[in-house]
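Enquirer: Listed below are the residues making up each chain.
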Amino acid sequence: MNAPAVDERGIVLAGLADSVWKLDPAMATEFANRAIAIGIDAYDAINDGLAKGMMVVSGKFDRREYFVPELLRAAKAMNTGIDILKPYLRVDATTHKGTVVIATVKGDIHQIGKNLVALMLRTAGFTVHDLGVNCPAEKYLAKAKEENADIIGMSALMTTTMLYMETVTQTLQQEGMRDRIRVMIGGAPVSETFAKKVGADAYASHAAMAVEVAKELVASRVA
Amino acid sequence: MSLTILPEGRTLAVGPGISVLEACREHDIDLPGICGGRGRCRECRVTVIGRDAAVSALDKALLEPGDLSRGWRLSCQLSVDGDLTVELPPVSLKLLDPGVVVPQLESVEPVIRDVVVDLPAALGESDRPAASLLDDALLEKGIRVERRSLAALRELGLALSRRQTRLRCLLHEGTLLDVRVPSSSPVYGLAIDIGTSTVSAALLDLSTLAMLSVETARNPQGAYGGDFMSRIAFAMEKEENLLELHNKIVGGINRMIERLVMSYGLARNDIVLVTVAGNAVMHHLFFGLDVKTLGGFPFRPVLNELAVVPAAELALRLSPATPVVGLPLISGYIGADTVGVVVALDLLARSDTVIAVDVGTNAEVALVHRGKLYVCSAPAGPAFEGAQMACGTQARPGAITKIAIDDKRRELRIATVEEKPPFGIAGTGIVDAIAELARVGVLDDSGRMLETNDWPAWLRERAHLAGEMKAFVFAHDADNRPLYVHQGDVRELQLAKAATATAIHYVMAAANVTAAELDRVYVAGAFGSYLDPVSMLRIALLPDVPRERVEFIGNAALAGAVLATLSRRHLENAVRVAREAVRVDMATDESFQDVFVDKLRLAH
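Here the protein sequences come in this chain order: Z and U. Using the working numbering, the letters of the first sequence map in sequence onto residues 672 to 894. Using the working numbering, the letters of the second sequence map in sequence onto residues 15 to 618.
Hints listed in this document are in silico derivations from the structure and should not be mistaken for laboratory results. Among the hints, erroneous ones may be present.
To be verified - Each computed DSS-like pair below joins lysine-lysine, with the alpha-carbon atoms no more than 27 Å apart:
1) 613(U) / 693(Z)
2) 252(U) / 868(Z)
3) 867(Z) / 613(U)
4) 613(U) / 747(Z)
5) 868(Z) / 306(U)
6) 731(Z) / 74(U)
7) 731(Z) / 693(Z)
8) 306(U) / 810(Z)
9) 74(U) / 867(Z)
I would like the entire structure built from these sequences, with the hints used as guidance.
Expert: Quick look at the structure:
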């Protein structure tokens with residue numbers, strides 16, 4: 672009880688961060704509850720605690736020390752913490768980062784990479800509308816319009832289906848929506864160069880990176 | 015401008031702006047291009063001789079500085095901007111041992127009927143056409159002629175004018191293919207498996223049912239991409255490209271026919287039947303059928319039935335009417351190669367429970383249980399071929415194909431193709447590497463490389479940092495550069511093995527079979543024969559069965575084509591397989607992601 676409050680706060684925030692990269696939902700629960708008990712602002716607990724842990728995960732993923740299963744478990748730990756903290760978020764301190772419509776393109780039924788990106792974006796505070804796989808251009812556009820989306824995210828795992836991404840950007844152009852919506856793409860066969868070629872705004876090489884890319888895109892849209 | 019290719023020494027006239035890879039494609043010079051010239055692999059690298067060449071951004075990204083100074087460039091990025099001499103990377107066509115398993119056939123009902131008939135000796139004053147006389151003579155033997163080749167009619171006319179009334183007739187189904195003077199000289203069949211990377215052709219003596227020779231060659235479409243999806247992508251660019259790919263494979267097979275005809279001293283019209291197996295894309299490209307719809311969901315083929323086409327329609331350099339039989343496909347993504355495997359193992363006739371796994375860029379799995387056949391396929395990507403690995407390579411001379419870590423003697427043993435000094439690690443070597451690293455505790459079951467301090471002490475000096483990724487060094491090449499497997503390579507291989515293991519999981523689930531119930535696990539595919547079964551079991555690529563139950567069967571797709579060339583029952587079996595197989599769909603299953611993630615683990 673005599674310990675300085677500032678240390679306690681530091682320990683709890685570090686505990687939240689650690690729980691994410693240590694892939695430990697029980698630990699996330701413990702530290703989220705402690706954060707509330709000692710009056711740490713819920714928004715800070717997410718941003719300076721859990722989200723910091725996810726950045727560690729992202730770095731480990733870059734080095735492939737972590738892989739798909741670890742990414743899923745990290746998201747699970749983080750979401751466990753968020754669920755506890757959510758009721759304590761002050762209304763003005765909204766964590767909403769933006770709205771994303773995401774799907775695997777028409778002709779392609781690979782889902783795991785796309786699911787991971789959707790999960791990571793949700794965890795990071797985006798509102799995500801996942802249209803599944805084999806998604807035609809019209810479906811992307813209709814949903815983006817309906818939800819006033821900031822970003823359309825497209826995934827393709829095959830050299831044959833990635834070409835469809837250009838159909839989607841062209842349709843956006845024809846419908847006069849291209850200026851209002853940012854487009855990001857991902858998937859094993861695509862690249863930065865390919866993103867430029869098909870008229871997308873950005874490419875992310877993996878799910879953790881997709882969060883950073885999406886944040887930048889939303890910022891550029893506001894600006 | 016001229017481009018000289020070493021070691022062959024050919025000089026090509028090349029227009030400006032053409033890349034070296036494109037020029038090689040145009041002149042049928044085999045150069046591997048795993049990624050199809052998209053600048054994502056480094057298999058197509060060549061050495062520029064005698065001058066400097068510009069370094070492209072991709073050269074910088076994919077090749078080491080030392081390699082660049084030795085003149086290595088990616089041929090897909092290197093344009094012929096003046097007279098240029100390049101040396102191709104070393105090639106080995108011995109890389110794939112066909113290892114065909116063909117059961118001994120004692121007596122069969124043949125696909126080609128080879129019969130001798132006698133026409134009435136005294137034809138007299140009758141004006142009955144010779145063809146009609148021959149029809150009657152054949153009908154007496156129970157053979158009804160429905161069609162006749164022009165070659166057969168020509169021979170028939172000449173034979174009668176020479177008063178030759180005893181005739182040897184060759185028939186395929188109702189088609190009279192050829193008429194000749196009776197002799198004991200054999201006629202031949204050709205069974206071909208068109209693999210995405212390798213084409214194998216078996217020459218068969220149809221009279222004695224013997225397999226005389228197996229010829230293998232690299233699929234000349236390789237320069238358009240190592241996996242079949244890049245071939246489809248190329249065909250999608252413009253319509254002429256489909257024809258270009260078709261001509262490449264027909265040209266390649268004509269060259270193989272040429273070699274066989276020469277080395278066995280055959281006449282072209284002695285080859286009277288050709289049977290072709292291959293995955294759906296190779297099958298369609300061989301017949302010149304459009305492949306666009308095979309490139310995406312729902313993977314609709316143009317044709318999945320047995321195809322029978324005269325050689326002339328395919329521009330195969332054989333007698334024009336020679337039937338070319340394409341084995342049927344099961345679907346747009348489970349091809350005639352799988353049908354071939356099932357035929358070779360006679361799975362439909364078996365009462366035990368067996369699974370056959372074709373390990374490669376596309377994993378194909380067939381399981382038979384209680385007489386019912388289940389099939390599934392999954393794209394595994396080129397990791398098993400060593401592509402897109404930091405030190406990966408195809409199985410050329412000097413490629414490391416086997417790795418063993420001997421903890422007792424504290425030795426690390428490697429084997430290379432043709433025992434040449436190592437220069438890279440082939441896919442099989444990477445499978446061994448990962449199995450061994452997991453066994454000795456350098457990798458944990460999740461595939462994570464542990465901190466060096468947690469490795470066995472005697473192996474710690476092999477730790478390496480490749481960029482930001484942890485790596486384990488297995489050997490050094492001639493220039494003393496480390497040959498390693500890094501954390502990213504482990505992950506690539508995990509993806510390929512998880513795709514394969516997931517397909518296996520789904521056929522087993524569909525048939526409600528556990529690993530303990532599997533009497534046999536057959537590993538097919540030319541690549542499979544080099545894999546160490548212990549490594550495959552250790553990384554949980556195969557179901558958890560005792561080592562003795564794993565059996566390699568080599569190129570079983572070719573073996574199936576061989577049997578379907580020799581024996582009618584086997585050919586009919588192929589048709590049955592395509593019709594009766596239960597196609598197991600995994601991609602749309604709700605639990606797919608969970609299963610796949612579970613199968614990433616390097617343990618059962």
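Enquirer: Take the C-alpha atoms of residue 613(U) and residue 693(Z), compute the straight-line distance between them, and say whether it is at most 27 Å.
Expert: With a Cα-Cα distance of about 22 Å, the restraint between residue 613(U) and residue 693(Z) holds, given a limit of 27 Å.
Enquirer: Is the straight-line distance between the alpha-carbon of residue 306(U) and that of residue 810(Z) 27 Å or less?
Expert: holds (22 Å)
Enquirer: Sort out whether residue 613(U) lies within 27 Å of residue 867(Z), counting only the CA atoms.
Expert: Not OK: residue 867(Z) and residue 613(U) at ~35 Å, beyond 27 Å, violated.
Enquirer: Is residue 731(Z) within 27 Å of residue 74(U), Cα to Cα?
Expert: holds (25 Å)
Enquirer: Taken at face value, is the distance from the CA of residue 747(Z) to the CA of residue 613(U) at most 27 Å?
Expert: Holds, because 19 Å separates the two Cα atoms, which is no more than 27 Å.
Enquirer: Hint check: residue 731(Z) vs residue 693(Z), CA-CA at most 27 Å. Holds or violated?
Expert: holds (11 Å)
Enquirer: Tell me if the straight-line CA distance from residue 252(U) to residue 868(Z) falls inside 27 Å.
Expert: holds (18 Å)
Enquirer: Taking only the CA atoms, is the gap from residue 868(Z) to residue 306(U) under or equal to 27 Å?
Expert: holds (21 Å)
Enquirer: Please work out if residue 74(U) and residue 867(Z) have their alpha carbons no farther apart than 27 Å.
Expert: holds (20 Å)
In summary, the structure is inconsistent with hint 3 from the numbered list given earlier, while agreeing with all the others.
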